[in-house]
Every structure is written in structure tokens, then in C-alpha cells.
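S.K.: So the chains spell out like this:
Number of protein chains: 2
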Amino acid sequence: MEGVSAEACSLAGHLQLGNLIAVWDDNHITIDGDTNQAFTEDVLKRYESYGWHVVTVEDGDNDLEGIAAAIKACQEVKDKPSLIKLKTTIGYGSLQEGTHGVHGSPLKAADIKQLKAKFGFNPEESFAVAQEVYDLCHKVSAEGAAKESEWNKLFAKYGEEYKAEHDDLARRQTGDLPEGWEKNLPVYTPADDAVASRKLSEIVLNKIYQAIPELIGGSADLTGSNLTRWKGAIDFQPPSTGLGDYTGRYIRFGVREHGMGAILNGMAAYGTVLPYGGTFLNFVSYAAGAIRLSALSQIRAIWVATHDSIGLGEDGPTHQPIETLAHFRALPNCMVWRPADGNENSAAYYVALTSKHTPSIIALSRQNLPQLEGSIIDKAAKGGYVLHEEENADITLASTGSEVCICIDAVKELAAKHNIKARVVSLPCWEVFDAQPKEYRLSVFPDGIPSLSVEVMSTMGWERYTHEQFGLNRFGASGPYKDVYKKFEFTPEGIAKRAIATIDFWKDVPNVRSPINRAFQQLI
Amino acid sequence: MEGVSAEACSLAGHLQLGNLIAVWDDNHITIDGDTNQAFTEDVLKRYESYGWHVVTVEDGDNDLEGIAAAIKACQEVKDKPSLIKLKTTIGYGSLQEGTHGVHGSPLKAADIKQLKAKFGFNPEESFAVAQEVYDLCHKVSAEGAAKESEWNKLFAKYGEEYKAEHDDLARRQTGDLPEGWEKNLPVYTPADDAVASRKLSEIVLNKIYQAIPELIGGSADLTGSNLTRWKGAIDFQPPSTGLGDYTGRYIRFGVREHGMGAILNGMAAYGTVLPYGGTFLNFVSYAAGAIRLSALSQIRAIWVATHDSIGLGEDGPTHQPIETLAHFRALPNCMVWRPADGNENSAAYYVALTSKHTPSIIALSRQNLPQLEGSIIDKAAKGGYVLHEEENADITLASTGSEVCICIDAVKELAAKHNIKARVVSLPCWEVFDAQPKEYRLSVFPDGIPSLSVEVMSTMGWERYTHEQFGLNRFGASGPYKDVYKKFEFTPEGIAKRAIATIDFWKDVPNVRSPINRAFQQLI
Numbered sequence: 094m095e096g097v098s099a100e101a102c103s104l105a106g107h108l109q110l111g112n113l114i115a116v117w118d119d120n121h122i123t124i125d126g127d128t129n130q131a132f133t134e135d136v137l138k139r140y141e142s143y144g145w146h147v148v149t150v151e152d153g154d155n156d157l158e159g160i161a162a163a164i165k166a167c168q169e170v171k172d173k174p175s176l177i178k179l180k181t182t183i184g185y186g187s188l189q190e191g192t193h194g195v196h197g198s199p200l201k202a203a204d205i206k207q208l209k210a211k212f213g214f215n216p217e218e219s220f221a222v223a224q225e226v227y228d229l230c231h232k233v234s235a236e237g238a239a240k241e242s243e244w245n246k247l248f249a250k251y252g253e254e255y256k257a258e259h260d261d262l263a264r265r266q267t268g269d270l271p272e273g274w275e276k277n278l279p280v281y282t283p284a285d286d287a288v289a290s291r292k293l294s295e296i297v298l299n300k301i302y303q304a305i306p307e308l309i310g311g312s313a314d315l316t317g318s319n320l321t322r323w324k325g326a327i328d329f330q331p332p333s334t335g336l337g338d339y340t341g342r343y344i345r346f347g348v349r350e351h352g353m354g355a356i357l358n359g360m361a362a363y364g365t366v367l368p369y370g371g372t373f374l375n376f377v378s379y380a381a382g383a384i385r386l387s388a389l390s391q392i393r394a395i396w397v398a399t400h401d402s403i404g405l406g407e408d409g410p411t412h413q414p415i416e417t418l419a420h421f422r423a424l425p426n427c428m429v430w431r432p433a434d435g436n437e438n439s440a441a442y443y444v445a446l447t448s449k450h451t452p453s454i455i456a457l458s459r460q461n462l463p464q465l466e467g468s469i470i471d472k473a474a475k476g477g478y479v480l481h482e483e484e485n486a487d488i489t490l491a492s493t494g495s496e497v498c499i500c501i502d503a504v505k506e507l508a509a510k511h512n513i514k515a516r517v518v519s520l521p522c523w524e525v526f527d528a529q530p531k532e533y534r535l536s537v538f539p540d541g542i543p544s545l546s547v548e549v550m551s552t553m554g555w556e557r558y559t560h561e562q563f564g565l566n567r568f569g570a571s572g573p574y575k576d577v578y579k580k581f582e583f584t585p586e587g588i589a590k591r592a593i594a595t596i597d598f599w600k601d602v603p604n605v606r607s608p609i610n611r612a613f614q615q616l617i
Numbered sequence: 094m095e096g097v098s099a100e101a102c103s104l105a106g107h108l109q110l111g112n113l114i115a116v117w118d119d120n121h122i123t124i125d126g127d128t129n130q131a132f133t134e135d136v137l138k139r140y141e142s143y144g145w146h147v148v149t150v151e152d153g154d155n156d157l158e159g160i161a162a163a164i165k166a167c168q169e170v171k172d173k174p175s176l177i178k179l180k181t182t183i184g185y186g187s188l189q190e191g192t193h194g195v196h197g198s199p200l201k202a203a204d205i206k207q208l209k210a211k212f213g214f215n216p217e218e219s220f221a222v223a224q225e226v227y228d229l230c231h232k233v234s235a236e237g238a239a240k241e242s243e244w245n246k247l248f249a250k251y252g253e254e255y256k257a258e259h260d261d262l263a264r265r266q267t268g269d270l271p272e273g274w275e276k277n278l279p280v281y282t283p284a285d286d287a288v289a290s291r292k293l294s295e296i297v298l299n300k301i302y303q304a305i306p307e308l309i310g311g312s313a314d315l316t317g318s319n320l321t322r323w324k325g326a327i328d329f330q331p332p333s334t335g336l337g338d339y340t341g342r343y344i345r346f347g348v349r350e351h352g353m354g355a356i357l358n359g360m361a362a363y364g365t366v367l368p369y370g371g372t373f374l375n376f377v378s379y380a381a382g383a384i385r386l387s388a389l390s391q392i393r394a395i396w397v398a399t400h401d402s403i404g405l406g407e408d409g410p411t412h413q414p415i416e417t418l419a420h421f422r423a424l425p426n427c428m429v430w431r432p433a434d435g436n437e438n439s440a441a442y443y444v445a446l447t448s449k450h451t452p453s454i455i456a457l458s459r460q461n462l463p464q465l466e467g468s469i470i471d472k473a474a475k476g477g478y479v480l481h482e483e484e485n486a487d488i489t490l491a492s493t494g495s496e497v498c499i500c501i502d503a504v505k506e507l508a509a510k511h512n513i514k515a516r517v518v519s520l521p522c523w524e525v526f527d528a529q530p531k532e533y534r535l536s537v538f539p540d541g542i543p544s545l546s547v548e549v550m551s552t553m554g555w556e557r558y559t560h561e562q563f564g565l566n567r568f569g570a571s572g573p574y575k576d577v578y579k580k581f582e583f584t585p586e587g588i589a590k591r592a593i594a595t596i597d598f599w600k601d602v603p604n605v606r607s608p609i610n611r612a613f614q615q616l617i
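Heads up: the sequence lines are chains E and G, in that order.
Counting in our numbering, the first sequence runs without a single skipped number right up to 617 at its last residue.
Counting in our numbering, the second sequence runs without a single skipped number right up to 617 at its last residue.
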């Protein structure tokens, strides 16, 4: 019933994934009772409409040969995924068989007894395993060991004939990247052009795709906006379509964010590919369920999340994230990156690609961002660092992504017009910053200096780092991005105004304590 | 392609919604280009599998009569929803017709010119409207006014014959609830039994469903767990199924959270019903897209979100929300309630039901919660209040839901073993609390007293209210709920330990400033 399966299965049909066989345990029961209360569609017809091959096993409770035959038939269909409808009885043999009573509760003692008797077990014995079961398990185990040993020999022989391919596959299985790949990450200086960070992301993909052959990805129908496709990429498509082939490393996911997230998880779990997917940051939320599983299952999947704020402009509030960063920053084991320029973007990719057990969401701008003085890949890779230092500073401005450069302009405004010295902290990834030693974090947010965060979305959570917050705890507005930023005062003047209010408010407090100081540390 | 439409349309087919006609603008183009890159399923066959009636209009660009005939044919099908496949050309008439080039960019001047010439307009005129268009609009407008006037007369006449029904419908259209409905909300005293808050929610539904005839809702296949069905409710089902009828006010949504969210929005937008939907709190995230639209569109939809923490026990981390409250607390115009007992639950329902322009998520426990001394509906309806006061308190403990009663036990522990005086604040809804006058909020979180938040999930955002946070910034664990709470030290002792650490850490700071004090207020 869940839409995510509709998205994934429609795409699987389009891609003609002949190696995929799904078994549907059709017991006609959900938690609420009989499926006919809410689910009376013709499922096989639906899968046929997706381009799947479908088979039915009438007696899924007993017909083991029928099941084996169905699997065999499906394996022979090479150009379509297959669905086996296995008609079964939930709680088969129990006194409650065929009812939702057996879904979530343990069987009663009397029921277990009659069930054991029915299937030829001793009803008086508990946790008893017959010798013939042990024997069968040992036999199967030995067979498996023999097959594994056989495969290992074959793979070793393969290594003799095809050393490069063998070593590549062996390396991929460890999750390590090819040696030296990181030399491809671009490094910028302030003399370089202002570029949208989505474009910076595209540049990285173009520079690393050859060095990292396991990199495979695509977009949920926003390729030209997400800039997720490197030059000359081949689409992963059935050759018969004439649109690509199965060597292709670019996937057209369609408008299916949740399905894409689940597919990224599946590919990463398989273990020899490193998947990424693109959409607008605001629509990453559609895949919340899949990303939660990435984090819980410690899966390396990367989201290229462009159009990351009200800076996307005219599309307006339906497309402008407010709560999204807070949502995923609150998710354990999930890195949310929001790079401010080219070096920070390289840092985001470096950490995302080398974190084997953590998913990443890289939030990227639609609008151009200048290359900043003081941004350094190694520093950004710590999740947060001092981008602009001042001796005897009056205030710390902390920010991420497209607002960092406005903070830099606010520093000039504060110095020129108000004789105020402001330092600037860039905090592209909280999850990574929180893992740094406290001493380092305190050097970034030192005691004695009041601080103000600047980020054009929900202020939720910034209180961990700064004394005051400037954000957007309401929905955005539609208009050219500069007008929208101006409307909400995300300008050097608007930031300066709030910096002055912050200094004024905290001036009575002697040696202001940094929020980094806490009675006990519990963030990660 | 989006799964949410698959969920909603499958249910619409099951429910045989003959009044529903969907028009599919099938122009074969998505943002990435031709739909054949990702979407080659047989859509009409899929809709037939859902039980829909389907029609095709071959020339949707020109065949206006064909479109009218198709709509008429669909109106005649009373027991099935209908899908009209309208084969069209995107950017019809433009030089770029039939390509994705016309999706997101304005047409070039030369293209507009030839397009106007092609359709018989003067290519040199801009923003020109012909007199015949004005005439037609005026004619249609007059016809509409006449029809409205006719309907108003009919409705007035209906009021003469069926006064109660007429007044009920008129009232529903305003969004106001029937006078006196709130007298049905239960009030509790500490002598009353400990009850799970999901059960408290069920009690409220049972008490109010007769007083509020527009209340309609259901569950995404968790009826027995969410306790969303009042006694004697009739299921909303096609009469032919024998499972209910169309007077039914209980909806079996199936395992379709996102579809349920979208359906709640649609029903609320229609304006004469007040919809609610149930699922586990953790799975509310599946409907993030729909809830975002509830908030943005100012829609009153209520989520009954049970099993709201690691307190659900054995289902484990896949079912235990960590980031969910932070996610929806960061969403503008969305109330997240987490009542601690019966009175707070009545307050949550009171505010949720009377907030005409705001969705609510009511987070409810699986485990029993005692009725608390000091909990009062009116106070809880402010979003936060002092549940337990102490003179010259050493610390404020702030909490929500199932942890509030543990804080009360921690107060006793702190007094008995450590001679520490702790006050307790219950904060069932941040969104509502943040809207209270600053003076009130400061009385709840006063200057001079260090504070500690206690909530068994992400601590994100609690820094707004308290100096220190005790939460769970990691995934939970599977086990009986008492064991899981103990493992993570959500016990009176565990809270007391952190309260002592908090007091100790803040003792050097004279007259500790409450986090409510801010240089500028920007939370709502």
C-alpha cells in the first residue's frame, strides 16, 4: 500500500530489472483486519502495468515445489522484474489462523500446544530442536562453505587474469575509495569567480567520477536544476530504449524522491557502489522514511539538495525549506552540510564520500556565492571553523552556506559605520563540528564574546552555539532572490542591526559564557 | 509518479468515489525531458487496477467537445472515480512545443509573436484583451451570480423546512464548533487512574464525536494501537462492501500515511468536515510533504500520533521517534502537542479543534501516565505552565508528555536525598507557549534559576527554554519500556544526577539569565 513501493516498482519495471524477484506474502490481513477494508485493487494487474512479470502460487502455505517452480520461472524472465503472489494464511495452523490476532501478540499456550501436535512436534517440549533439523543445518552450512570456497578460488583466478578489475571489486567491498582520489577535489582562492554552490557540486562530480568508478547517481527529475549529471555521463537504461545501457552510471529516478532514497539505500547496502541522488532541499523531506533508515542502518548515501533556501526565489514558499535542516540535523548519524563556497563544498564532498557509515545531505544554493577569504578545505572538514578572526572582537557571527558571505559584508558594515569588530564562524556541518574536542569548539565559540547566528530558515537548534539567532521562523515569499532576502533583512544592514542588538543585550553580563559550555555533553 | 498519488488513488478506487474526476494532462514531458526516460508504465491500466473508470481524449489540444463529452461520461459513472487521459502538447503552438524547454522558462519574444499570429491575435499587441473575451467573462460572471443567488434561495428554503440541518451546515462553513461542545472534554484529578495518553485521546474522541458532527477521521491501519475509533463508529465504506456506508465517519486509510495526510488536507479545505488521522509518531514523517502543506495552507487537520517515544518498547529503533518532534516544531504554523496526562490531553484537543488555521500533531504515549497534581486544562492550553512550584527553588525541570511524571518523582528524590528544591514546568506545546506574552513566559522560566529539560528524544531546540538538556541524540533500543527508560537513565535518579550537574555548573554565574530573555524575539 505504501507509495514508496509504487515509486520504486514503477521504476524497476521501466528499467527492466530482470534480476529482481519480489515475493508478496498475500495473507489478506493487515493490522486493522482483512485487507478488504482498505485495499481491494488488483495488485497483479498493477504490477503488469509497471511492466513486471507476475506469477501466482495458490497454496503458499504448503506448496513448496510450487514456490520453487515460481522462482525458477521468474529467473528465466530476463527483461522484466517479477512479482510472485504467494497466497498464504497468516498464523497458519494456529487457532487464530487467518486473523489479525496473530500479527502483534504471542500465541496462547494452548494454541502453541495444538499447533505443535498438528505439525508433528511433541506438544510438551519447548525450545526443542530435532536432530534432523541440526543435521540439515549442518549439511546446508557445509554446502555453503564449499560454495564460498569455490567462489573465492574463482575470484582469485579472476585476479590473476584481470588484476585491475579484481582489485577494484575487492576494494569496493571494503568501502575504501581509490588511493589519491581526493587530489581531484578543486581548491579555490578568493580571486576565483562567484559560483552557485549547486554548480560547485557539479564541478566536483565532473572531477571525481573517473577516479571513483563506484560513484553512481542521478536526480528525481531535476537534472538540469540539481546539476547532478557529469559531462558525457551514460544513462542507466535498458539498451532497447536507445537512451543508455546498463554500464550507465546516471539514473533518471523520475519524480520519485522517496523511491530514490530507498533505492540509494539498497544500492549502498549491496556494497560495491556509492550512490547519490538529487532533488530540491525542500523535497528531501518526502524521503524522510528512507533517510531515517540510511542513518539507522549506517548507510553511505549522498543527497545533492539544491535550491536550499528562500534564495531559490520565484518558486516561492512551496519550494523554500524552513524546517528541513532542523529536521535532519536532529536525526542521529546524518550529516547535513551547507557549504559557503568552493572549498567548503570540496570539504563537504570529502567528508561525505569518506564517511562509510553515515548518510549526508549537501544543501546547495541556486544563487552565486563568492569564494571566501579564509575558507580552507581542512578547516571546513571539521564541520565549523573561524573564517574571519578579529582581535578583541565585540561579537561572533555564525552562519552557513549562502549567508556567510553576507556576514562578511556585515563585518565591513559594522566596522565602517559602528566601529564594531565582528568575527565570523562558518559552520557547514553541525554533526561533524559536535564531534570535535571541546577545546576546539570553544576556540571557535569562545567565552566572553556574545554571538549571533544567521541562517535564512528555522533558528531551531542554533541556540546550541550562539546567544542570539537571526533566521526565518515563518514561510518565505515568492520573488527574485535579492528582493526576498531584502524583504526579510538578510542584508549586511539587517545583520548589523541584529549584531548591535545582541552586543547591547549582553553587555551587562560579565564574561559571557559560550553556549559550547554545558554541564554535560549529549549532542552526539 | 509520486507515491502519494498512488496511495490516495488506490483508496479512492476502493471507496468507489464516483464524484471524483481527475484529469491527467498527459503531455509526455517532465523537467528532465521525455517521460520515456523514467516513466513507461501503462497508467490507465494501473488506474483500472485501482478500480477506476478511465477515458482517453486523443486531441487534448483542440478537441474541446471531446473533453466535455469525457467529463460528462465520467459524471455518469457513479460507483467509480474517473481518470481522463488528456493527450496534450506542452507549449502548444510555441516553436518549442512538445519539449521540456517550455516548462520552466518564459518564451522568447519572437516565439510569442508567431504564437499570437498562429492563434489569430495581433502579434504587435501585448496584454491586449479582445472585447469578445470581456463580453464572455461578463456573461459567465452574470450566470454564476444568478446560480449563486438561486442556490442561496434554495438553501434559505431548506432552512425553513430543515432548520437544524441548515444551521449545522451554515455553522460548519464558518469553522466554528457547536456551542458548548467543550463541556464534553474530560477533567481529571490526581485520584483518577493512570492511563496511557493514547487512551486519553480515545476517551476524548468518545466524548466529543456526538457534539461535533463534522469530526471525521481514521487511522493508517493502526486502529487498535492508535485508539482512533469511537465506540459504535460506522466505517466510511461503499455500502456494497457490507463493511459500512457513506454516512460513516471512520476511515480505514490503509498503510498510507502520506496519502492520509493529503486526504485530510483535501477534506479540511472542502470546509464542512474536521478531519483527523492516526499513525505512530515516527511514521508521521512519511507525510511530511502533506503536513507542510497543511501548515502553509492554514488547514485544520489533526494527527493522533501514538507510540510517541522509546516508551513504545519492543518495536525498537525503527519505530522510536528521535527527530520527529524537532522536525515539526521547526515547521511554521504547526502545533506539536505532547500531553503529560488527562487534563493536558483535553487542553491539546481543545486548542487543536478550535485553531481553525493550524494543523496539530498530538503525540501520545503507549504506556500509562498518572494524573498529575497541578495540571489544569486552562494552564496547559497556554502551551506551557508551572506544574509544580517551590519557593527559592534551586532548579527548574522542564519536560513534556511521559517524562513529566518522572520529573515529579525526581523532585522527591532531589528533596529527600540531596536537599535540593526543584520546580517542574510542563511544556506540552512550544508553538502555543511561544505566542504567550514575554512576562508570562518569564514567569514560567524565571531569571535566577538554572534549568534542565527532560525529553526522551532529540534535544534540538530545548536550548530556547533551558540552560541544560537531557535527551536522546541517538537511536533508541528494543526492550520492555521500563528497561529502555532505565538503560538511558530516564529515571528519577538519572534526572536527579543531571539536575545536580546543572546546579553545580551554573552556581558560579550570578543571577543566571533565563533563555527566554533574548535580544530580539523571532520564534513565531
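Derived by calculation from the structure, the hints in this document are not laboratory data.
Honestly, I wouldn't trust all of these hints.
Only part of the chain G face toward chain E is listed, based on derived beta-carbon distances under 10 Å [unchecked claim]:
#	residue
1	Leu113
2	Ala115
3	His121
4	Asn129
5	Leu315
6	Thr334
7	Arg606
8	Pro608
Computed from a prediction, not measured in an experiment: that's the story for all the values here.
C-beta: ideal position from N, C-alpha, C; glycine also.
S.K.: Please go over all the hints and tell whether each is borne out by the structure.
M.R.: Checked hints:
1. Leu113: At about 15 Å, which exceeds the 10 Å cut-off, the nearest Cβ of chain E leaves the hint on Leu113 of chain G violated.
2. Ala115: Violated. Min distance 16 Å.
3. His121: Status violated, d = 13 Å.
4. Asn129: 7 Å, holds
5. Leu315: The hint holds - Leu315 of chain G has a Cβ within 10 Å of chain E, the shortest such distance being about 6 Å.
6. Thr334: Hint holds; Thr334 of chain G Cβ to chain E Cβ min 7 Å, cut 10 Å.
7. Arg606: 7 Å, holds
8. Pro608: 7 Å, holds
Hint check: violations occur at hints 1, 2 and 3; the rest are consistent with the structure.
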